[in-house]
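Which chain is which? The protein sequence lines are A and B, in order.
First residue of the first sequence? That's 2 in the numbering used here, and the numbers climb one at a time after it.
First residue of the second sequence? That's 684 in the numbering used here, and the numbers climb one at a time after it.
It is possible that part of the hints are untrue.
In silico DMTMM-like links for lysine to aspartate or glutamate, alpha-carbon gap of 25 Å or less [said to hold, decoys possible]:
1. K263(A) with E65(A)
2. K705(B) with E419(A)
3. K719(B) with E419(A)
Where chain B lies over chain A, by a calculated footprint (3+ residues, C-beta under 8 Å) [unchecked claim]:
4. 323-335
5. 415-423
Note that these hints are calculated values from the structure, not bench results.
Fair warning: this is a prediction, and the values are worked out from it, not measured in the lab.
We put the CB at the ideal spot given by N, CA and C, even for glycine.
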Amino acid sequence: MRLLFSLALRNALRNTRRSFLTGLTIMLGVALLTCGISWTRGAFGGILEKGANVMGPVRLVTPEFAKKEQMMPLAENIVELEPILAAARATPGVTGAWPRLQMAATLTVGDDMGEHFALVQGAPPEWFSRALDLEHHIPNGRMFATDDAAAQQCAGGRRSRPPIDAVIGAMAATEVGAKVGDDLILGGQTQDGSLSAIKVKVVGISDLGSGPQNRFVYVSLATLQCMADIPTGATEVLVYGATLDDAIPIEAALAANPALSKLAVSRWDQRPPFSSISGIIGALQSIAAGVIVFITALGVLNTMLMSVLERTAEIGVMRAMGLRRGATVFLFVIEAIGIAAIGGAVGAIVGSLISYFILELHGINLGNAVNKLPPGLAVDSVIHGDWEPIMLAQAFGLGLVMAIVGGALPAIRASRIEPVEAMRARR
Amino acid sequence: MTTTSAGSEPSPTPLCELVGVKKNYPLGDLIVHAVKGVDVRIYAGEFTAFAGPSGSGKSTLLNLVGCLDRQSEGQVYIEGRDVATLSDTELGDVRARRIGFIFQSFNLIPVLTAYENVELALRLAGLVRKGHKERVEEALRSVGLADYMGRRPAQLSGGQQQRVAIARALVKTPALIIADEPTANLDSKNGAAILDLMKSMNADNGTTFLFSTHDPMVMERARRIIHLQDGQITGDERRDLTNPSPSGASVAPHGA
Ligand SMILES: Nc1ncnc2c1ncn2[C@@H]1O[C@H](COP(=O)(O)OP(=O)(O)OP(=O)(O)O)[C@@H](O)[C@H]1O
Ligand SMILES: [Mg+2]
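Can you build the whole structure from these sequences, using the hints too?
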């Protein structure tokens with residue numbers, strides 16, 4: 002056994018050029034895998050984190066709203082917010098709870114009644130800060146002020162003054178031709194379905210780095226309460242913990258709270274689109290990793306097969322002297338693993354260096370491509386890798402898998418060599 | 684038809700016996716009849732050569748005797764056992780433990796030293812016991828390579844490589860050593876030396892050798908020469924009165 006093992010490792014060093022190529026193939030495969038995993042983790046991790054923050058890690062809505070969610074049914078709102086918010090905020094682990102209203106509206110600048118639609122989000126400024134960090138993503142202008150103006154306007158009497166602030170996403174602004182300081186008319190509906198419009202003043206143009214996010218219009222909660230004629234309520238209450246993982250205990254606690262028993266509680270990953278996306282992401286990652294392992298294994302297979310053919314006589318001699326088929330397989334698989342161990346180690350290190358110093362620290366700029374993604378998938382233009390030390394071991398392990406997969410077929414081929422080949426051999 | 688009973692037969696059981704053996708190879712649509720019905724007995728202690736022109740079936744016969752291949756027709760007996768009744772694994776064990784092989788192109792394992800090449804044969808045969816190191820060294824010493832044990836095949840001359848191959852075959856103390864044109868890749872001086880070495884092992888230890896050749900120099904040194912032509916035996920000459928087979932000289936073993 003020890004002699005066979007030593008023979009396998011010496012065979013690995015026998016044709017240094019070929020072994021080098023095999024090792025290089027594995028090295029590239031492993032490095033690619035490391036970068037790929039790091040980068041997709043970064044990309045999807047970012048999407049999930051952002052998505053969860055925007056959707057609310059845990060959300061409270063009326064059961065009727067949950068049922069017809071796709072239609073944004075304004076009528077199914079939580080009428081009395083204060084006791085709900087108080088109960089949510091008192092829950093252990095909760096760092097913040099805010100109401101939100103969201104509706105579709107037409108956007109009009111000046112006299113030009115355009116055909117432009119946008120989603121309008123209304124929530125307290127603290128929510129915009131927590132979920133979007135909005136105040137730091139307004140390169141042009143400023144964040145909207147308090148709710149006062151809207152509250153006054155809605156109270157009736159002196160209409161239209163003072164003006165109501167709004168922040169508009171960069172892409173929506175370009176589409177309607179809005180600039181900071183322009184008046185913008187939002188046309189929507191009240192909760193009972195009648196048309197309603199409200200005039201706001203564009204105080205800032207936001208750039209959140211992703212197409213979908215830049216198509217929104219952001220206003221205060223009171224502004225949308227006024228437009229939707231929901232004076233004190235909101236359709237959703239979004240509840241946050243310190244980290245995304247806290248969503249699990251928080252959801253459990255909220256669901257168990259009798260004060261909230263009339264509401265539907267759900268976690269971000271239980272709601273579309275994430276309920277289906279996280280599974281798809283996992284599957285896609287596995288497929289991509291599988292493809293890389295497969296292609297690398299093909300490279301290993303190719304070079305190992307050459308070695309097997311070249312050593313037919315020698316294998317025949319050993320088979321004639323009593324080498325069993327199983328031991329022949331062992332001989333070649335160990336050789337492949339020996340080469341893969343070196344190639345895989347180098348590949349894991351090179352891949353990690355690239356992942357960390359290039360992907361994670363600098364990121365890759367996807368430019369405008371991300372703007373074509375459907376709304377809801379908030380993808381940043383610059384995607385950073387997410388590398389972890391454990392990936393060194395994972396990538397190295399996958400390198401060994403490549404060697405075993407690629408080495409198996411040549412090894413089986415070798416074990417099929419009959420002892421009589423020893424006699425036929427001419428060198 | 685007066686057949687002598689086994690009890691009164693003075694000759695021992697042959698080490699190896701072929702009865703009506705044929706070997707066909709399919710070659711595309713054709714069938715190559717490499718061996719066309721051979722009857723032969725090889726006795727322990729013999730030093731026998733299959734001689735014949737290229738393509739006459741020498742290697743094919745050695746393959747069959749060496750249990751490297753199975754015959755198409757007829758029976759092959761090794762130490763009294765019909766190889767047709769043996770499974771592949773049993774055949775492998777016979778090959779590994781009872782038969783040593785020497786090849787024209789030496790066929791040493793290039794990444795192993797002379798010592799390791801010989802040791803490998805013991806290990807593959809499952810014959811590693813206490814003191815196997817001495818056994819390996821003794822085998823190499825007996826072929827005159829005491830000072831070359833740590834060398835790899837590439838660092839040895841052709842003659843030296845073939846000596847390692849002999850030591851490798853010998854170390855198992857097999858019943859039979861099969862050598863397919865063992866001197867064909869050597870110059871005449873080295874070839875003669877190798878043959879003398881094999882011959883002295885035959886004389887000193889009684890090791891049975893069966894080899895093939897078309898080299899007159901080699902035939903000169905064989906005690907028994909079985910002539911082959913076109914897959915058939917055309918002659919069987921015994922050239923030495925010390926032949927351990929008592930059945931007399933120049934007699935074909937069957938049906939003559
Ligand atoms: N695997 C095979 N497939 C087809 N034909 C074969 C095979 N092996 C041998 N033969 C044929 O069988 C015949 C006998 O071959 P064999 O190798 O036994 O001859 P040989 O006497 O050893 O010749 P040489 O002196 O050239 O080594 C030849 O005609 C050869 O072409
Ligand atoms: Mg031959």
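Exercise for the section: Could you check the structure against the hints above and give me the numbers of any it violates, in ascending order? Expected result: none
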